[in-house]
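Asker: What follows is the residue order along each chain.
There are 2 protein chains.
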Amino acid sequence: MSLFSRDPAIKVLSFNLLDMQTVGHNNYGLWRHPRNRKRSNNLKYWTDFAQSCERALLDTLFFADVLGIAAGYGGNNDVALREGMHVPLNDPLMALSAMAAVTTHLGFAATVSTTYEAPFAHARRMSTLDHLTGGRIGWNVVTSYLPNANENFGIAPDLYTHDERYDRAEEFMAVCYKLWEGSWADDAMIRDSDRNMVSDPAKVRRIDHAGRYFQVAGPHLVEPSPQRTPVILQAGSSGRGKDFAAKHAEVVFIGGRSADAYRKNARDVRASVVSHGRAAGDVKILAEMGLIVAATQAEAEAKLADFQALSSPDGYLSHHFGSGADLLKYDRNKTIEEITAEGGPGSVFLSHYNYPLGTTVGAVLDQATRLDSSRALFAWGTPKRVADKIEEWADTLDINGFLMRQMISPVSVDEFADLLVPELQRRGRYRQRYEATSLRENMFGTPTPRVRSTHPAAAFKYPLSR
Amino acid sequence: MSLFSRDPAIKVLSFNLLDMQTVGHNNYGLWRHPRNRKRSNNLKYWTDFAQSCERALLDTLFFADVLGIAAGYGGNNDVALREGMHVPLNDPLMALSAMAAVTTHLGFAATVSTTYEAPFAHARRMSTLDHLTGGRIGWNVVTSYLPNANENFGIAPDLYTHDERYDRAEEFMAVCYKLWEGSWADDAMIRDSDRNMVSDPAKVRRIDHAGRYFQVAGPHLVEPSPQRTPVILQAGSSGRGKDFAAKHAEVVFIGGRSADAYRKNARDVRASVVSHGRAAGDVKILAEMGLIVAATQAEAEAKLADFQALSSPDGYLSHHFGSGADLLKYDRNKTIEEITAEGGPGSVFLSHYNYPLGTTVGAVLDQATRLDSSRALFAWGTPKRVADKIEEWADTLDINGFLMRQMISPVSVDEFADLLVPELQRRGRYRQRYEATSLRENMFGTPTPRVRSTHPAAAFKYPLSR
Chain A
1 MSLFSRDPAI KVLSFNLLDM QTVGHNNYGL WRHPRNRKRS NNLKYWTDFA
51 QSCERALLDT LFFADVLGIA AGYGGNNDVA LREGMHVPLN DPLMALSAMA
101 AVTTHLGFAA TVSTTYEAPF AHARRMSTLD HLTGGRIGWN VVTSYLPNAN
151 ENFGIAPDLY THDERYDRAE EFMAVCYKLW EGSWADDAMI RDSDRNMVSD
201 PAKVRRIDHA GRYFQVAGPH LVEPSPQRTP VILQAGSSGR GKDFAAKHAE
251 VVFIGGRSAD AYRKNARDVR ASVVSHGRAA GDVKILAEMG LIVAATQAEA
301 EAKLADFQAL SSPDGYLSHH FGSGADLLKY DRNKTIEEIT AEGGPGSVFL
351 SHYNYPLGTT VGAVLDQATR LDSSRALFAW GTPKRVADKI EEWADTLDIN
401 GFLMRQMISP VSVDEFADLL VPELQRRGRY RQRYEATSLR ENMFGTPTPR
451 VRSTHPAAAF KYPLSR
Chain B
1 MSLFSRDPAI KVLSFNLLDM QTVGHNNYGL WRHPRNRKRS NNLKYWTDFA
51 QSCERALLDT LFFADVLGIA AGYGGNNDVA LREGMHVPLN DPLMALSAMA
101 AVTTHLGFAA TVSTTYEAPF AHARRMSTLD HLTGGRIGWN VVTSYLPNAN
151 ENFGIAPDLY THDERYDRAE EFMAVCYKLW EGSWADDAMI RDSDRNMVSD
201 PAKVRRIDHA GRYFQVAGPH LVEPSPQRTP VILQAGSSGR GKDFAAKHAE
251 VVFIGGRSAD AYRKNARDVR ASVVSHGRAA GDVKILAEMG LIVAATQAEA
301 EAKLADFQAL SSPDGYLSHH FGSGADLLKY DRNKTIEEIT AEGGPGSVFL
351 SHYNYPLGTT VGAVLDQATR LDSSRALFAW GTPKRVADKI EEWADTLDIN
401 GFLMRQMISP VSVDEFADLL VPELQRRGRY RQRYEATSLR ENMFGTPTPR
451 VRSTHPAAAF KYPLSR
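As they're listed, the protein sequences go chains A and B.
For the record, in the first sequence the residue sitting at position 436 is 436 according to UniProt numbering, with numbers rising by one throughout.
For the record, in the second sequence the residue sitting at position 12 is 12 according to UniProt numbering, with numbers rising by one throughout.
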């Protein structure tokens, strides 16, 4: 049941925290900051952190993930290991139940790749977590690209092209939807003591999926969970990826090198969503964003300087160019389109960034390594000043909210909760309290935790259409 | 550090609870019992339950698992679904961190099959959990056998013979050992702020495993966890399975149709362990066991009668013969060796039970479905009477402890803690408190959480022997 009662002219925003169960993620070098208490191996750290996120009334705590080490920058693992750049990296699903146990409304979004998992096992894990969290699970669908991940799973470099990874992902989604939506009737679990019947066999079906990549018989091993299909998140950057996101994603997060690039990305996503027969508003678009907030502007400037002093350019470079596009090899005055036209190492990946024509290697390197105003959607200052920026972005970029990076943890979230949330609440831009329990209801104000009828998963609802 | 200070003549026993994240597991029909509060989908149920297990000072809470529905008995899924016999069944790893967060010493053993997982992803999950639990994770290695599991993972029925599953399992273990023991040096994580080095690249290695079933490059994505290799548990019943267990397992659990069968199984395991260059005592042998304890004998008898009245023979039959050996199809007077000689459906599986010569179909069916003295290692009565039985089993069967079945939950564990543990403690048969934090130290009294030097994983310790 939705408890939304806002002035519809004011856009209440969705705030989500981007994290990764590792040392460094978009904050390279800051692990050395004396107030950074992040320790991925420590369960108490995660349960405390989840409570901080819930106190901030976030929609989700979002976990990125990869399945290998990015060795492109520098040509081996050394930079990544030195910087703690996504290594060591824990499995993103393992700590979720502990975080769920100490919270009641916060959603959890975890990244899982369709390239390296079996859909039956994955669907079961998601359903289990959706039960254990009371319907607070989201799945960030990725198709992966790291050469080392392929090596870790015995996948030859040329086994899947980029398009084939998406073909596999499409079929993977269909298998999951069949298991989540189509295998068990809503009333299959009868728990009828008199007849000694736990579930009614007449209301549980095999799915008998037989496709190009997967053969999966079913039935699903888990009874219907609150949301059945978890909230689907995606960040499509390539043409095929954008199309996939427009079809499947309920939440799309976008990046960009400039406000204009964000705006264009958001417009592209909306148009593509509509072309898939969905309403433009069916998808929440979240913009990747960073902020530093403090009681006074001087304090915020001091924090920024502090973070800048500890920031490690190598960490940023290995993140941005880890898949093989080492821009340090090129002349700073060369343009990105010249490099992609030549087809050098990593150029396919570079092309997905959609750099404006004329962008030089030097400009890209500077933007990647500097923690300053060269970044799009990065703000620092008083609550008023940062809130002004947030409102400006929200109102001019056709977005629904933000995926926030952290600087240091849990300080960034705690300061966000204490300083910025009250300011945004006063402006009608932030929820006063959680509206419901399930992630889907909280994010979309839907009347039930289930997927909308226009979502592709809905086509697989029990009874199966045959 | 071990705090053991026992009279070495008195055998302190290891107690472990056998469970499964499902409705019915060795207690079919008892889900209807008014005091049974088990709800696998409820996280609070699991965290409360883990605390009950820790209050009972158990070594481990042990989760069985399968990846499909057993359809052998009755020829389809109907009996399993009606009885809640291992369906619905949640993923066994998802709730562990929540249970770990509310306990400090209890170990957790989870079943994961080597037939359906990728070793890189599995090794990462185990390492993550070993970190989050502070070294309290055990892995029950299975190779699986359910036809429906094969169907759920697109594995043709004839792709892996029984022996090939064990070949794959052998290689799976080697990959995991390389990742757990050989990829990161103990001092690889230096966290050196001055040099901005999280880990030392010179102390992290690829494993470059290239085998028949797996190609896995590494490095492991997770830094060394307290135990590195989780405690390895196994129940080998076939010849090949017993040999596998004797080589890899640190804990072997055994069953049997009679005390003699248990004794023979234990003797076989010890002999086989020695043949692999390990000490007979390197392996803890746990006997599957059931008990009902009450303040008075009359109360215990009443409980037994209560449980018997609710027990469902169909549930037991579908469990025991779910892999295809439907004994109801045969004459009650026929012997098991006659059936296995004929090679009928499920006969290979039947042969793994090692029934004594002359055992009839009728005897097997009766024992499978009755909750009474026809079961080996099943006792009910006062704490004194049950403790007498436990001491008798412990002293005559060459075992180190027990894997206990539950009747109703959490009542069975709470009554065990309140009534039987004090009696066993008085007799010097039960720990007074946990000796250490890691599972391996608690179970074995080893001086560190790491595997013994005689365990096969030790051969892969960093630096890799090449």
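Hints listed in this document are in silico derivations from the structure and should not be mistaken for laboratory results.
Treat the hints loosely; a few may be bogus.
[Unchecked claim] Straight-line alpha carbon distances no greater than 30 Å define the calculated DSSO-like cross-link-like pairs of lysine-lysine that follow:
hint, chain 1, residue 1, chain 2, residue 2
1, A, Lys44, B, Lys44
2, B, Lys203, A, Lys329
3, B, Lys247, A, Lys203
4, A, Lys11, A, Lys389
5, B, Lys11, B, Lys384
6, B, Lys203, A, Lys44
7, B, Lys389, B, Lys11
8, A, Lys264, A, Lys247
9, A, Lys44, A, Lys461
10, A, Lys461, A, Lys247
11, B, Lys389, A, Lys203
12, A, Lys203, A, Lys461
13, A, Lys303, A, Lys389
14, B, Lys11, B, Lys203
15, B, Lys264, B, Lys247
[As the list claims (entries may be wrong)] Chain A is nowhere near these chain B residues, computed Cβ spacing over 10 Å in every case:
hint, residue
16, Leu132
17, Phe153
18, Asn196
19, Lys329
20, Arg427
21, Gly445
By construction, the Cβ of each residue, glycine as well, lies at the ideal position given by its N, Cα and C atoms.
Asker: Each hint should be assessed against the structure and marked as holding or not.
Answerer: Checked hints:
1. A:Lys44 <-> B:Lys44: holds, 18 Å
2. B:Lys203 <-> A:Lys329: Given that 30 Å is the threshold and the Cα spacing comes to 27 Å, the pair holds.
3. B:Lys247 <-> A:Lys203: violated, 45 Å
4. A:Lys11 <-> A:Lys389: Holds, at roughly 14 Å.
5. B:Lys11 <-> B:Lys384: Cα-Cα ~17 Å, so holds.
6. B:Lys203 <-> A:Lys44: The hint holds at about 28 Å.
7. B:Lys389 <-> B:Lys11: holds, 14 Å
8. A:Lys264 <-> A:Lys247: holds, 18 Å
9. A:Lys44 <-> A:Lys461: Violated, because 39 Å separates the two Cα atoms, which is more than 30 Å.
10. A:Lys461 <-> A:Lys247: holds, 17 Å
11. B:Lys389 <-> A:Lys203: violated, 45 Å
12. A:Lys203 <-> A:Lys461: holds, 13 Å
13. A:Lys303 <-> A:Lys389: Judged against 30 Å, a Cα distance of about 18 Å means the pair holds.
14. B:Lys11 <-> B:Lys203: violated, 42 Å
15. B:Lys264 <-> B:Lys247: holds, 18 Å
16. Leu132: At about 5 Å from chain A, B:Leu132 fails to clear the 10 Å cut-off, so the statement is violated.
17. Phe153: violated, 6 Å
18. Asn196: violated, 6 Å
19. Lys329: holds, 21 Å
20. Arg427: holds, 36 Å
21. Gly445: holds, 25 Å
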